[in-house]
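J.: Here's the letter readout for the chains.
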Amino acid sequence: MSWDATDFELLRLMQQDAAQPTGRLGEKLGLSQPATWRRIKRLQDAGVIAGRRLRLDAAKLGFGVTVFLGVKLATKGRVSLEDFERAVTAIPEIQSVEHVLGLYDYRLRVVARDLSDFERVLRRRIMTLPGVGDVEANVLLSEERRPGPLAS
Amino acid sequence: MLDDQSRAILRQLQADPGITVPELAERVRLTPARVTRRLDKLQEEGIIAGQEVLIDWAALGYAIHVALRITLDKTAPRAFDEFLAAARQVREVLEVQTFLGRVDARLALIAKDLPDYQRLYRDKILTLPHIADIEALMTVSTVKRGEALPL
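Listed in order, the protein sequences are those of chains A and B. Mapping the first sequence onto the working numbering, position 64 (from 1) lands on 64, and the numbers just tick up by one. Count along the second sequence from 1, then add 1000; that gives the number in the working numbering.
Excised from the complex, chain B in its bound form (with noise of 0.2 Å):
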């Protein structure tokens, strides 16, 4: 597992993954050469998977965003690959995710207005295969995102 100086790294990458190796160094306490060689260990170990930009949908003109809970129809025997195959077609589809639970299949739907979400709804979305029920949530606001892991 990791020890208190790889952790310390990660937890300022995590807060701030902007930041330059000298940077880090300082807040860790660490000199350049040291963190240049933990970064590039964590790199090749897959702990650091990369980087990613956290994209604002509405502000590219995507004002609605929906989770849509889909309980499969577990009799067919491939619904689940068959499912999760065809909403990967769908291209408003950003999430695509599987759980035990009440619910089995989750997508995070954008679309730019109710017309054009009711649109995707009817077209792409209740045409999709072997769906039992689907609920929908529509999310008002995010509070806290970037998924952050408590290191």
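With the rest of the complex left out, here is chain A (with noise of 0.2 Å):
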């Protein structure tokens, strides 16, 4: 499958704001309703458009504090992989999980009320997971998202 600049642009504009009406997109692309609708569709069927996400102000929504852990695994073949991501993923604090490779086996974004609420956290739920051994804590003081490769 290829891409050309003109998706590029598409796939910009939605990472921006994916709510606006395909007429619109169009519109900024100098293509027509039903081609923009095209090319969404074609992103769509090869993954390039994995999902939606509802972009929420955290801080507003009483969500003080994140923090990115890395996590070793202590016993790696006598915990299986599938059972700790099983359950790392049930927890709803737990925003995202990375398999990783390096210093770390897993990395985990963890959002929480306050330092207090993610200690809580962190013992609780984090700390009893199966398998689990080192764990780093680094609390995310600002963050700022890039177009990556799709900036003109």
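Quick caveat, the hints were computed from the structure, so don't treat them as lab data. None of these values were measured; they are calculated from a predicted model. Please note that a few of the clues may not be correct.
[Said to hold, decoys possible] Dumping the calculated DSS-like pairs for lysine-lysine here, alpha-carbon to alpha-carbon at most 30 Å:
no.	chain 1	residue 1	chain 2	residue 2
1	B	K1112	A	K72
2	A	K60	B	K1144
3	B	K1144	A	K72
4	A	K41	B	K1144
5	B	K1074	A	K72
6	A	K41	B	K1074
7	B	K1041	A	K28
8	B	K1124	B	K1074
9	B	K1112	B	K1124
10	B	K1144	B	K1112
11	A	K28	B	K1112
12	B	K1112	A	K60
13	A	K28	A	K41
Take the two lone chains and join them into the complex the hints point to.
T.: Set out below in structure tokens:
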């Protein structure tokens, strides 16, 4: 599957605002509405558009702390990765889970109301996960998302 | 803070951002008019900041996804600002974060393949200012994404 500059521009526009009508996206790209719709469909069918995400203001909803955790599994082999992944995915405060290669086995993004709430999640839910070994925590201070290679 | 009805609306919308107002109204047992009013209010207050597509970069041809954990040389007075400004110029950087902890900053970097990553790392990352140490974590698989809030 090959993608051109218009596909990239369409993705960039939908990364900024995925709720806008197809007609308006088309206007910005100089395409008709059906042509825009066909491109979106092609991007969806190829799995490039993997889903949609509601952008919420976490602070306004009372979530003041985001922590990234590097987790090393203590007993590889004994506890299967599947068991760990199933258990970790089920924790609502854990927003993302990546299986990584390097210093740690997993990288988790955890959201909490404040530091004491985070401590509760860490002690009661994360440290009790099957196979958890070393854990390193870094508290998020600022975050910026970039358009990446989609930028013109 | 949120009342139960707004919380229910956000929970449904978070699980399915493409949902229509009538469907949403049915799930939270309110009239469509009341749902619309509440959605308008949540947007006005900035609680709902918008909607975005989640991109699978591997499907776009960027097979490599690496998190670079960076320690900065804090003896330079403007180390953070200068590092961040330079990191923003790297096209392949998707996320720039700063931390309180063992690492100072993290860059999410994508590349087409390993030779491409090696070239980026040498030419664009190692040349960023004020780096004292770098660790790389390569993503093998993404188990959970979307960054939903536990409402």
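J.: Which numbered hints does this structure break?
T.: 6, 12
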